[in-house]
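Sequence order for the protein chains is A and B.
At position 41 of the first sequence (counting the first as 1) the number is 28 in this note's numbering, and the numbers step up by one without a gap.
At position 209 of the second sequence (counting the first as 1) the number is 196 in this note's numbering, and the numbers step up by one without a gap.
Just so you know, the hints here were simulated from the structure itself, not pulled from any lab data.
The reader is advised that the hints may include incorrect statements.
Identical copies look the same in the list; a pair holds intra-copy or inter-copy alike.
Said to hold, decoys possible - Below, computed lysine-lysine pairings styled on DSSO-like, alpha-carbon distance capped at 27 Å: (1) K132 with K199; (2) K132 with K47; (3) K2 with K60; (4) K66 with K199; (5) K(-8) with K61; (6) K204 with K145; (7) K19 with K(-8); (8) K(-4) with K66; (9) K60 with K132; (10) K(-8) with K2; (11) K2 with K132; (12) K66 with K4.
2 protein chains.
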Amino acid sequence: MGLSKNRIKYIRSLKEKKFRSEHNTFVAEGVKLVFDLLATCRCQFIAALPEILYAHPEIKAEEIVEASESELKKATFLKTAPQVIAVFYRPDNEIEIIDLNDKLSLVLDGVQDPGNVGAIIRIADWFGIEHIICSEDTADIYNPKTVQATMGAIARMKVHYTVIAAFLQNYSHLPIYGTFLEGADIYSEPLSGNGFIVMGSEGRGIGSEVMKQINRKLFIPNFPVGRATSESLNVAAATAIVCAEFRRRER
Amino acid sequence: MGLSKNRIKYIRSLKEKKFRSEHNTFVAEGVKLVFDLLATCRCQFIAALPEILYAHPEIKAEEIVEASESELKKATFLKTAPQVIAVFYRPDNEIEIIDLNDKLSLVLDGVQDPGNVGAIIRIADWFGIEHIICSEDTADIYNPKTVQATMGAIARMKVHYTVIAAFLQNYSHLPIYGTFLEGADIYSEPLSGNGFIVMGSEGRGIGSEVMKQINRKLFIPNFPVGRATSESLNVAAATAIVCAEFRRRER
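The whole structure should be built from the sequences, with the hints applied where relevant.
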């Protein structure tokens, strides 16, 4: 029994995208997150303190291991060792083009920071957005930092990686929004209950090919209104404000 | 010339709060951030690539050092070495109680993550909020991760650390807002142009002593409206939505 050295090595290897892809798995840590995921994802392997396992005889996984605090401490990516670490198979998110015509979806163009991507998944979940389309250079949602930052929302979100300029061409009949310093005041513009909201990378914003697909440019006004600024909002903060405003209009 | 081992050691020591307090200084990295800070903060020490120094003869600092890429790489807290690293004296933010009666200010009760605190400073700056009052257990704004996450907004924000329950008692005549799952829909409630918005810690929310000072409870509705959820928004995302809505009402 116990969490073997090999298993610890396997868990830690999943910090690398290469190994996550090879095994088609990802790591989640902590009771709340792991139990949220157990409801929707197939679990390959779970290591937990004995009291957690005794309290939850319903846990289903290909392999279940009792672990000590010190073993969990060796395996964890967190600062404080969690009570449970699990490895899940990635869900198979096939995208049906026809799916998204009636929905409001998010598009991420090169969002690099795993924490930002995690925060955005959590925001999307709060606001009932079901699909996120990511460019290939967007941070991998299965990065352990992203998984943790979603606080379980990753269990409900369908995330797809693709060439987004080409993807959006299929939807040129829908409103495709982006935020820009020179965009129109989001509070004065009509906002749709379907279509796409594109958020750009932290450093360079939205790329030129994707830009061509955007047919509605929005601006989040700062305060006092019209104050000159060279600043911008963090991409997760901007996503939060935009999603909240879209959904406020739909009430 | 060059960046000496002792200087590199000094810069790296400022990762620790203890040393930042002892020297009353903090580190900032990267051209944009450092130049934003040079406009408002006294600079103790600046190390930069020669081309940066030649291009900016106006730089004022107690000590200016030409550094090579490999020296900057040894000193940096970032993944990629910046072109410039600087050490600034902390501004002296004395708080005048009378100051805040006519303003909308933010209060952070135990926000632990340096990245969240940095994102919140940037949000506050965007929405024209000038003062942030932090509990003593809120992450130090001079943590290098926080300084970088503010993207220069730290140069304009007045941040004060104090016992916030006692501080807020002086303002019980003003609206003091907090967000709660059982609060009133933010879109239906009157919102004031002055007072305080209290944001709680990522894990435990707002503490019980501070809770007693809150006289207006708000809720950010999820979507579809009324959907049962055990989830919440990240504290920076919630701050963004709340600040945006307060300022939208003031237009």
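Results of checking the hints against the structure:
1. For the homomeric pair K132 and K199, neither the shortest alpha-carbon distance inside one copy (32 Å) nor that between copies (35 Å) is at most 27 Å.
2. When the C-alpha separation of K132 and K47 is checked against a cutoff of 27 Å, the pair qualifies only within one copy, where the shortest distance is 24 Å, while the shortest distance between copies is 39 Å.
3. Taking identical chains as interchangeable, the C-alpha atoms of K2 and K60 lie at most 27 Å apart whether they share a chain (15 Å) or sit on different chains (24 Å).
4. Taking the closest pair of Cα atoms, K66 and K199 never come within 27 Å of each other, the shortest separation being 43 Å inside a single copy and 32 Å across copies.
5. In this assembly of identical chains, the alpha carbons of K(-8) and K61 lie at most 27 Å apart only when taken from the same copy (9 Å versus 33 Å across copies).
6. Only within a single protomer do K204 and K145 lie at most 27 Å apart by alpha-carbon distance; the minimum there is 25 Å, versus 33 Å between protomers.
7. In this assembly of identical chains, the alpha carbons of K19 and K(-8) lie at most 27 Å apart only when taken from the same copy (25 Å versus 46 Å across copies).
8. Taking CA atoms no more than 27 Å apart as the test, K(-4) paired with K66 passes in both settings, with 18 Å inside one copy and 25 Å between copies.
9. Within a single copy, K60 and K132 get their C-alpha atoms as close as 17 Å, and across copies as close as 24 Å, so both meet the 27 Å cut-off.
10. Within a single copy, K(-8) and K2 get their C-alpha atoms as close as 16 Å, which meets the 27 Å cut-off; across copies the closest is 33 Å, which misses it.
11. For the identical chains of this complex, K2 and K132 are neighbours both inside a copy (9 Å) and across copies (21 Å), given an alpha-carbon limit of 27 Å.
12. Proximity of K66 and K4 under a CA criterion of 27 Å is satisfied in both settings, with 21 Å inside one chain copy and 18 Å between copies.
Of the hints listed earlier, those the structure fails to meet are numbers 1, 4, in rising order.
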